[in-house]
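So the protein sequences, as listed, match chains A and B. Take the first sequence: its position 271, counted from the start at 1, is 271 in the working numbering, and no numbers get skipped. Take the second sequence: its position 40, counted from the start at 1, is 40 in the working numbering, and no numbers get skipped.
No wet-lab data here; the hints were simulated from the structure. Even glycine gets a Cβ: it sits at the ideal position worked out from N, Cα and C. Check each hint, because a few of them may be wrong.
[What the hints assert, rightly or not] With a cut-off of at most 20 Å between alpha-carbon atoms, the simulated DMTMM-like pairs for lysine to aspartate or glutamate come out as follows:
1. B:K94 with A:D242
2. A:K172 with A:E224
3. A:K252 with A:E263
4. A:K188 with A:E166
5. A:K245 with A:E267
6. A:K112 with A:E158
7. A:K206 with A:D242
8. B:K94 with A:E35
9. A:K59 with A:E39
10. A:K25 with B:E89
11. A:K167 with A:E263
12. A:K76 with A:E166
13. A:K221 with A:E263
14. A:K24 with B:E89
15. A:K252 with A:D242
16. A:K247 with A:E224
17. B:K94 with A:D31
18. B:K94 with A:E34
[Claimed, not checked] Now the stretches of chain B that chain A is said to cover, found in silico as 3 or more residues with beta-carbon under 8 Å:
19. 68 to 78
20. 114 to 122
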Amino acid sequence: MISAVISLGGIGLGAAIILGLAAKKFAVEVDPKEEAILEVLPGANCGACGYPGCGGFAKAVVAGEADPSSCTPGGKSVLEKIAEIMGVEAVAAEPTVAVVICQGDNQKAQDKYRYLGIKTCASAQMLAGGPKACPGGCLGFGDCVAACPFGAIEITAEGLAVIDREKCTGCKKCVSVCPRKVIIMTPKSATVHVLCNSHDKGPAVKKYCQVGCIGCMLCKKNAEEVYAVDNFLAHVTYDTYDHEKAKAGMEKCPTKCIRDFAEGYPEGSTFQS
Amino acid sequence: MGDLFVIVVSAILVNNFVLARFLGLCPFMGVTKKVDTAVGMGAAVTFVMTVAAIVTWVIQYFILMPFGIEYLQTIAFILVIASLVQLVEMVIQKTSPVLYQSLGIFLPLITTNCAVLGLAVLNIQTGYSFLESILFAIAAAVGFTLAMVLMAGIRERVELAPVPKCFQGLPIAFITAGLLSLAFMGFAGLVKG
Numbered sequence: 001m002i003s004a005v006i007s008l009g010g011i012g013l014g015a016a017i018i019l020g021l022a023a024k025k026f027a028v029e030v031d032p033k034e035e036a037i038l039e040v041l042p043g044a045n046c047g048a049c050g051y052p053g054c055g056g057f058a059k060a061v062v063a064g065e066a067d068p069s070s071c072t073p074g075g076k077s078v079l080e081k082i083a084e085i086m087g088v089e090a091v092a093a094e095p096t097v098a099v100v101i102c103q104g105d106n107q108k109a110q111d112k113y114r115y116l117g118i119k120t121c122a123s124a125q126m127l128a129g130g131p132k133a134c135p136g137g138c139l140g141f142g143d144c145v146a147a148c149p150f151g152a153i154e155i156t157a158e159g160l161a162v163i164d165r166e167k168c169t170g171c172k173k174c175v176s177v178c179p180r181k182v183i184i185m186t187p188k189s190a191t192v193h194v195l196c197n198s199h200d201k202g203p204a205v206k207k208y209c210q211v212g213c214i215g216c217m218l219c220k221k222n223a224e225e226v227y228a229v230d231n232f233l234a235h236v237t238y239d240t241y242d243h244e245k246a247k248a249g250m251e252k253c254p255t256k257c258i259r260d261f262a263e264g265y266p267e268g269s270t271f272q273s
Numbered sequence: 001m002g003d004l005f006v007i008v009v010s011a012i013l014v015n016n017f018v019l020a021r022f023l024g025l026c027p028f029m030g031v032t033k034k035v036d037t038a039v040g041m042g043a044a045v046t047f048v049m050t051v052a053a054i055v056t057w058v059i060q061y062f063i064l065m066p067f068g069i070e071y072l073q074t075i076a077f078i079l080v081i082a083s084l085v086q087l088v089e090m091v092i093q094k095t096s097p098v099l100y101q102s103l104g105i106f107l108p109l110i111t112t113n114c115a116v117l118g119l120a121v122l123n124i125q126t127g128y129s130f131l132e133s134i135l136f137a138i139a140a141a142v143g144f145t146l147a148m149v150l151m152a153g154i155r156e157r158v159e160l161a162p163v164p165k166c167f168q169g170l171p172i173a174f175i176t177a178g179l180l181s182l183a184f185m186g187f188a189g190l191v192k193g
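So that you can see chain A by itself, here it is in the shape it has in the complex (with noise of 0.2 Å):
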């Protein structure tokens, strides 16, 4: 018993002696502005930057290779504190939130089957394409509220994903985990977004949602450089956008598929304009 303890014991003396030894011969130089940097970063790793985690990011700064300004939780008060420890000037990009492209709940679009598997949006999606009718509609079933690092989005009780324009911080996150490709991002300062996400034509998507966009244009011919069709589904061109054209084509729109955030969420949201 005595000379297990000594000898495992002494093995491992005698390994600690060596890796201590060994690290400070192998010591890697670390910048200190890479940890100054890292302090004042969120925390989340939630990879918004494109870099892997707060760590990478930190270190990509410090390269020079990372434009400060790529922290989008960290928002305006991170971007000044990089800029001090760099000793640059903050140039903030504009804030970008993610929006769910969507309105058809489940009181508003139809499904095309009964499902009982497992409850998340990609399980969903791999059973013929979702039990929602619609091809591009939001399945309600969540996997962007687990995404979330933030707690920013809700599921209505019709099974519709809504966004908190708020608290979202513009990390993509959720972007990147939705099957249906239904959430993207924008510029916060636009609040009037299509919220459609089929390209299927006027009278197919009339037969299973009544809130759907059916291509009828009549957005883009009040307000022409504000929207564009694309294949039956009209959506706002955000580089041209401008509030007052983009509101007098929602006042066109039949389907009532465009929607001021600005104004309020969509129905059955608990979250305030």
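Fit chain B to the given chain A structure using the hints.
Only chain B this time, still in chain A's reference frame:
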């Protein structure tokens, strides 16, 4: 001399650690996307296996057996292997940061890699002498590297081939591994034992 030759051929071809004994499948599937990283990993494993064979042999015959504590073999061996891998990690991080990045998590995974522990235990079980153990370790590592490089070469080409959607990625890699293993069965019977 003939004995040593048998040990070498057996370890590299007939009883290849990855393709015949199915040890070390984790890095085999994880690090074989590129030939460069496969070679780097093979080199790291070669070093760890050789030094581990030496140290574990010494520990078994000069510490464990004299004190009658052979039952501590697994723990003691893992302790040694873990320290060795930590050493290798430090050296690689200092000398080649690029290789360090590309190996990523698989470098510390050599610690719990059954190939290294398997080699150490096999050395003891087969009752090899000190020199035979070292030779067996080097040969096993060469066989491991050979299997990794072959796999990496094939996978690089399969990347560009029209694979059916449901097989893309890991599924076709596993099928490839199976086929490679089948091919190596052709060496069975080349040497006795």
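Verify the proposed pairing of K245 of chain A with E267 of chain A, using a straight-line Cα cut of 20 Å.
With Cα atoms ~24 Å apart, K245 of chain A and E267 of chain A exceed 20 Å; violated.
Do the alpha carbons of K94 of chain B and D31 of chain A lie within 20 Å of each other, as the hint requires?
15 Å, holds
Starting from K76 of chain A, check that the Cα of E166 of chain A is at most 20 Å away, please.
Cα-Cα ~14 Å, so holds.
For a C-alpha distance cap of 20 Å, please report whether K188 of chain A and E166 of chain A respect it.
9 Å, holds
With a cut-off of 20 Å on the C-alpha distance, tell me whether K206 of chain A and D242 of chain A pass.
29 Å, violated
Between K94 of chain B and E34 of chain A, is the straight-line Cα distance small enough, at 20 Å or below?
18 Å, holds
Next pair to validate is K247 of chain A with E224 of chain A; report whether the Cα-Cα distance is within 20 Å.
12 Å, holds
Restraint check for K25 of chain A with E89 of chain B, where alpha carbons must lie at most 20 Å apart:
13 Å, holds
Taking only the CA atoms, is the gap from K59 of chain A to E39 of chain A under or equal to 20 Å?
Status holds; Cα separation ~12 Å.
Given the hint that K112 of chain A pairs with E158 of chain A, test it: the Cα-Cα distance must not exceed 20 Å.
The hint holds at about 17 Å.
Against chain A, does the region 68 to 78 of chain B show at least 3 residues with beta-carbon separation below 8 Å?
holds (count 5)
Holds or violated: the region 114 to 122 of chain B covered by chain A, criterion of 3 or more residues with Cβ-Cβ distance under 8 Å?
Coverage by chain A is violated for the region 114 to 122 of chain B (0 residues, Cβ < 8 Å).
Of the numbered hints given earlier, the model fails hints 1, 2, 5, 7, 13, 20; all others are met.
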